[in-house]
Every structure is written in structure tokens, then in C-alpha cells.
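**Q** When you get a sec, could you build the whole thing from the sequences and use the hints?
Sequence lines, in order, name chains A and B.
Be aware that the first sequence starts at 1, since it is given in the UniProt record's numbering, and climbs by one per residue.
Be aware that the second sequence starts at 1, since it is given in the UniProt record's numbering, and climbs by one per residue.
Treat the hints as calculated values from the structure; they're not laboratory data.
Keep in mind it's a predicted model, so treat the numbers as computed, not measured.
Glycine is no exception: its CB is placed at the ideal position from the N, C-alpha and C atoms.
Wrong hints could be hidden among the right ones.
Claimed, not checked - Straight-line alpha carbon distances no greater than 25 Å define the calculated SDA-like cross-link-like pairs of lysine to any residue that follow:
{"id": "1", "chain 1": "B", "residue 1": "590", "chain 2": "B", "residue 2": "488"}
{"id": "2", "chain 1": "B", "residue 1": "433", "chain 2": "A", "residue 2": "24"}
{"id": "3", "chain 1": "B", "residue 1": "453", "chain 2": "A", "residue 2": "175"}
Unchecked claim - Not everything, but these chain B residues come out facing chain A in the computed CB check (under 7 Å):
{"id": "4", "residue": "152"}
{"id": "5", "residue": "456"}
{"id": "6", "residue": "459"}
Said to hold, decoys possible - Label-pair restraints from in silico Cβ distances:
{"id": "7", "chain 1": "A", "residue 1": "9", "chain 2": "B", "residue 2": "497", "range": "42 to 48 Å"}
{"id": "8", "chain 1": "A", "residue 1": "121", "chain 2": "B", "residue 2": "501", "range": "46 to 52 Å"}
{"id": "9", "chain 1": "A", "residue 1": "305", "chain 2": "B", "residue 2": "617", "range": "54 to 60 Å"}
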Amino acid sequence: MSAFNAIGEEREIDRDEYTPGVEPQPTWCPGCGDFGVLKSLKQALPEVGKTPEEVLTVTGIGCSGKLNSYLDTYGFHTIHGRSLPVARAAKLANPELEVIAAGGDGDGYGIGCNHFIHSARENHDMTYIVFNNEIFGLTKGQTSPTSPKGHKSKTQPSGSAKTPLRPLSLSLNAGASYVARTAAVNPNQAKEIIKEAIEHDGFAHIDFLTQCPTWNKDARQYVPYIDVQDSDDYDFDVSDRAEAAEMMRETEDVLNEGTVLTGRYYVEEDRPSYGQEKKAVGELPDQPLAERYFDDDAEWERSYDLLERHT
Amino acid sequence: MSDDELIWRIAGGSGDGIDSTSQNFAKALMRSGLDVFTHRHYPSRIRGGHTYVEIRAADREVQSRGDGYNFLLSLGDSFARNPQEEAYYGNEEIKPLSENLDELREGGIIVYDEGLISDEDVEAINLEERAEENDWHVFPMDLRGLAKEHGREVMRNTAGVGVTAALLDMDLEHIEDLMEDAMGDDILESNLEILHEAYDTVNEEYDFEHELRAPTGEHDSEQALLSGSNAIAYGAIDAGCRFIAGYPMTPWTDVFTILSQNFPDMGGVSEQVEDEIAAAALAVGASHAGVKAMSGSSGGGFALMSEPLGLAEMTETPLVLVESMRAGPSTGMPTKPEQADLEFVLYTSQGDSQRVVFAPGTIEEAYEQTRLAFEIAWDYQIPTILIYDQKLGGENTNVDVDFFDREPAPDLGSTLTEEELREAAHDNSGKFKRFDYENAEDGVAPRSIPGQKGGRYLATGNEHSPVGHISEDPDNRVAQMERRLEKLEKIREELDEERESNQTYYGPEDAEYGIVTWGSSQGAVSEAIDRLNEQGHSVKGIGVSDMMPFAEQEVRAFLESVDEAMVVEMNATAQLRGLIQKELGQYGEKMTSLLKFNGNPFEPAEIVEGYEVNLADEDRQPDAQVRIEPAAGD
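**A** Now the structure itself:
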């Protein structure tokens, strides 16, 4: 018998269940792209059959970090840049949990970039949503790792001399097995991509363009957007690493020229997740580790039985 | 200094197999019925560089290094990169001989490998002359040649052990048994041949004039030889810890390695990750999801853990971290012991500290306090840190096997089951009041685990309301802060009143002079106290383990009971003395400090000397490389 009966529960799920009954007023500004992420998540989760209490949403710091204040799942609002290591461990401790990590571009591509690279490399079975608004919002408008070259801000008054980071290419090269970009202004596509990401067995990275109406007024609202899967102008195979890489590069190049390309970029279906790999080498138990602590009949090994090597 | 003990030092290059050879020899001595204590000295290099392991063995309890030593097996450094005198590091080939002479006692024995160390080099260090002055007995032996003849050159360690056994008149039985356990058939035969050949050669070729023999003894019960790192790892296993995340760093790596090797067979999980921020964050994540988890590091790596540590405090996520000290600041001296991270570990991370810190000083304390750390962390939902030094972590001593014969304690403490959650308080929307200050007991509000029905809440590093929503409401802030701090006061009460004391006492209770110490320095202090009392002084000691909450009552009572006190610690800024003054608000004028920070642990004689100089009220520093820091007002 499981100690976690919210997991795998079969029942109708109303999307309102994901809205806290005593809802804190979102502190996001009117017109903020973050509302788009929240909305598409609330739509996607019931559609993939997940109940609020089998989902753990782990966030970083920034406007995006408030996501789990307004999404009524189990939540862990961590510290700046560290959502991924917390999320990874929760998944290893209880692989049956649905783990979603989220943060902003500063959080994931700046201060937490090391964790992003290694989480993608290891291919943990989880979804990682990066709210990419190309700016630091909560600290009031400083240049971020994805701000375009030449972008002026209070901390780079003469315009940024740095080339922006390429999130999709980085993700692919680091080893993510699902990479997509969507935009808050395209909620239907966003919902579908989130569903795919959740159902994908491996590290699914979504670069989610979320316009910042307050601190990035110069930036586009990410309209019009083009879905690379729907457009006749683009033709590439999402399961082909080289073609995906080329498409990603083009997408990153044209964003700063005003062309917003979105869609699925890379999907590797047959790569085992980290959990599967770790089980294969005998370093992850078959039964979720967390269950053992609630199992009164569990037998616990003792150091006393290891002492022969010391005598 | 007593003659009833053997202090055997095997010296060579890093990579010469000093560690494994000494481990087996220490075990052989233990199996022969002696108590043993090992001390390892090594450079921060992969190959080459002077390294030695010392084994002290006697028919009585040994908890420390001795003063100096009486038997040197010098293999020479076969990995020496700089065999020239004018090189930066000097002639390294002979260092395992030349650098060990100063501490060798009068009448001691020297065996060196003349197959590696040349006659000219030996002449250059005036060995003959010095041997005469100190009544040393010198045995040049071609260990390399002997090993080559019967096996391979690397087996010269075995030849050295054979020579040792012959000179000390030891039976080969235990040494042979251990070799049989440790070696595969392919190398066992040659090694046994070498052992016997060396043994016989010494007996045939030399008439012994030295007096030193291996002591003999008998144990009442079976003994295990293990290190503080073993004890911490085993305490964690018995506390039900099955998740560890880490990043390699000396000397913490020992604990990480031991658990990583054992966990797969126990259904546990070990994760080596990208950095120490991730390591501690993973431990937080695993604990949050319902598993007993730990992480740890040494100074520099632990610095990176400050933020996840603070997150665990604020989200009240149970967590055990270990901090294995080495000499700092910054990279410092990576393989050398020091006790200079106390203040760092007590206060690192922003805001008001809400953590528990234990500083074990012996193998037994390391085991007990690790178990206790897990128990308290999960009962009170608070991070608990074990701080210990490289010396305790790496040094081996024998412990009764029966000491470890206890029940495992995997209980998750103040964690609810789904059934219990049904009875618990929720808000109108069904969110669990995880941080309910109105119904908390001893400041503890029970927790749920993700995946449980009826337990959802938000954990956040922001100040938060009972269900976890971010809140800056002043009343809520005060209530939550007071509730969290109340836990510390309850832990203090529990440690003071309900549990056996973690502090260790030495010497006669009614003594007039007190020595306060912590961590592994306890061993040397205890021996120094015995000697001082034998010499007619009136001295007692206390080893302090409860650093936070601080062992206020016990330390106060101890200091009240003596006329004067000396605080002995391996650092340059008297950190424990500072903590005592901060916690007790007085005694600054009563406490002198004896400090050592040269990278080597205290020897008992240095503490005796420090005491004598201090007592004589002399306006000078001791001859040993230790410092007296006078009491306030002196």
C-alpha cells in the first residue's frame, strides 16, 4: 500500500482545482506574460490526468518564482537559481511525483546555469519552464543573460556589450531530450507543449517567452509569432540533432530582429531518463525511496553488519 | 613518555602504499590484543611528497598521538620528482628518512630501504653521528632488492613489515592472516615469501641490541578498527539516512565515499553533483520529498552551502550537513588539520541562525552525535551540522564491536501520515496548515510530504503564513520567528535534561585547574591531564560538543569549579574561547588560550608545556610551536 495516495489517483480533474481557493492576488503586473504560463499549466495538468497533490512545482526567485503561489499543487519556492537541484532530488526520492521546475532567464540561464547544464546532461525526468522575458523584472529592469546586445538598462547604461545567451542551443548541447520554445501570447500552443513536456520521459526544457510590459517596454510582445511546425517556410526533423541545432540557431538569431519563432525543436524519444539509467546500474531502488519510510515492515540495514571489514 | 608503547612510523612518498600497509599493520597490532591509534600526515599531492602514518599501540587505552615516536620504517620516496639537493623541494628521495629524525625518541629504531636511498645521501644527513648521539639503532635493508627478487618492487612495503616484525619480536600470524584477507592469489604468494624472507634475514644477520619490543595485551571483546569518517557514515546508516549528495573535497570526501559505496546495497541513493550549492540543495529536495538525507563538505565547499542551509532553516526542512575542517583560510592547507571553522559554521547564511551544531571529538562521539543529529533534525525540522576536523575524520582507533550493536532509527520524526493529515488543520481551500503557529508544540508544526492526500502547501524561503503563502504581515512574522526560535530552546532543554550529556570530562572532579577543549584535541588533552595529575598537579578537563545550542550549563559549572582555565584548540583566533564568552557573558579573565595552527595536531607534551609556562606566569611563549593567548586583563 502506498503512503502517497494522491499519486496515480484516477478521477475527473477540474482545472479550478489548480486555483487556490483563498487565492493570493498575483503580484504580476497587468499584461505580464507570466499569467500565460500559469493559465496554460492549469489547462495542461488536468488534461494529462494529474491531480494537484501528485505534482510538485519547484520554483526559483524572481517574478516567475511566484508561480506556485498561484498554482495550487505541492510547491517549493526555493532560492535564486536553485530550483533544479531541489527538483531533481525530489524526483529521485520519489520518482512517482510529477515534478515541474520553473524560473526566469536570470534564474535559469544566469545564476543557476550550472544546474541547468547538468540537469539537462543527466536527463532527469522532469519539466523545466524558463520564463524568458529577456530582463530582470523583480529587481526592476536590469540586463539579463538573454537581453539583446545593445540593450540599455540601469546597470548597462551605454547598452549591453554582451551577445545574448542561446538557451535552445545550450539546452540541446547540454543534453536535454526535449527542447521547445513557446510564448505567452500563444496559449494554445503553450498548453500543448507543456502537455508533451510533462509526458516526455526525460528532461523537457521549455523556453517560454513572457513579455515584460513594465521593464522591457522596448521589447516586442512576441507577436506576431510563427509556429515552426505549422509554417511552410521551415522544414526540419525534430528528432535529428543536426537539423534541430540549425533551426535553434536561426530562431535565436532572428528573435532580436523581431521574428518570433516557436515550436518543438528537439525531441529524443528513446533516450533513457536519469532515473532509468541509475536503476540500470543498481543505484536507485525499484520502490520509491520515500515509500520505505512509511512502511512499517521495511527492514533497515545496520552498520553492525558491516563491521567485519574492520576487525 | 612511556616505554610500554610502540609508536611505529612508516614513511614514504604519496603513492607508495603507506596507507594500506599501515592499515593492515595497525589491524595486526589490534588483533594481537593492543589498543591502537593512527595518525596520518600527507601532502596535497597525488604522487610524491613526504607522507607518513604513525601507529601508536599499547596495552591500555590510546586516544591520541604520543610525544614523538620510537620506530621508523623509512621506505624513501620512489615517486620523488626532485632527487637533487638544489631543487625547490630539496632532495625528496631521502625526505622520508631525513625529515622524520627530529621526532624520533632516544633509543629508537630506524629501518630504511638502502635499495632506494643511496649511501651518499645518508652520509649527507650525518645519520651515523646523529644515531650515536641519540642511541638510535639503524638497520639499512635492501627492501627494494628483496621485493624484486621474490615479486615486484612495489612489494617493498611487505619487506619492511617483515623487518619490523623481526626487530620487535612479533609473531607473523596476524600479519599473514590480514595479507590473506586483503590480497588476491596472484600476489599473495610473493608477498608471503617476501615477508618471511625479510623476517628471517633480520634474525640471521643481526644481533639485537635494542630494547624496544612490541607490547602484548589482550582484549575482553572483539574490536573494530575504524576512523571518525567511518563512524559518521555508520551513524548516518543507522539513523536511516539513505540519500547523500556531494562534491569531492578533502577531507570530507571520506564520508561521501563510504556512503556512496554502501548505499547501493541498502536501497539508498548517492549523487555526485556539479557543485556544493547543488549538493546541499539536493539534500533539501530529497528531505522535502520524504527521505532522510544529508550532504556535507569542507570549508570552501561548505561556504557554497550557506544558501541552501538558510533555505532549510526557513522552510524547516530537516537536514544533516557535515563540515570536515581543514586548515584555512581559503584553500589553506588541504590535507592538514585545524579547528578554525567553528564561527563560520555557527553563523554562515543570512538572518538569525536557526540550526544545531555538534562537534564530536572521538570515534564514539562521532557515531552517537551523528545519530542524534538525524533524530533532532527530523523531530524539530531543523538543519543539524556535525563539525569535525581532518584528524578525527582520518585517524583510526579500535572500538568495541558491540558498541555498534543497536537498533536502526529511520523514524521521520514530526512527519504526518495521510491518516494523521485528515485530522490536521487546513485553510478554507483545503491547503494544509504546515506552518501552524497556533497548534505547534515546542515550536514544531508537523509536516506533510508531497504526494500525500490532503497535505499540499507551499514551502518558501520567504517569510510565510501558516499554509506557506508569502507574507510580510508583522504579526505573522513575529509569531513565525518566535515559533522557530522556540525549537532551539526546546532542543537545549532536551540536551540538558533528557539526554546523556554530549560533553566529556577528564581528570579528578575536584581539581583546581581546568582545561577546556573540543573536537579531536580531546585525545591529547586527556593524556596531558593524566600526566599532569601524575606529576602532582590538580587538573581536569572538559571536551565540549554542543556548540549550538551551546552547552551553557555544563561549561558554566565547569568554569565555576576551577580557579583558572586554559582553552586548547587548533586555531589562531581562539574561537571556542570567544564562543564561551559570548554565550556565558563572562569568564574572559579566567581563560587563557593554548593555540596551535601549524598544520599538525597537538601532542600531549605540548599541552603539558603550555600549562607549565602559563602556570609559572612566565612572560614567554612555549618552546613548541604553540601560542599562549593570555586571558583578558593579563
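**Q** Which hint numbers doesn't this structure obey?
**A** As far as the earlier hints go, 1, 3 and 4 are violated by this structure, in ascending order.
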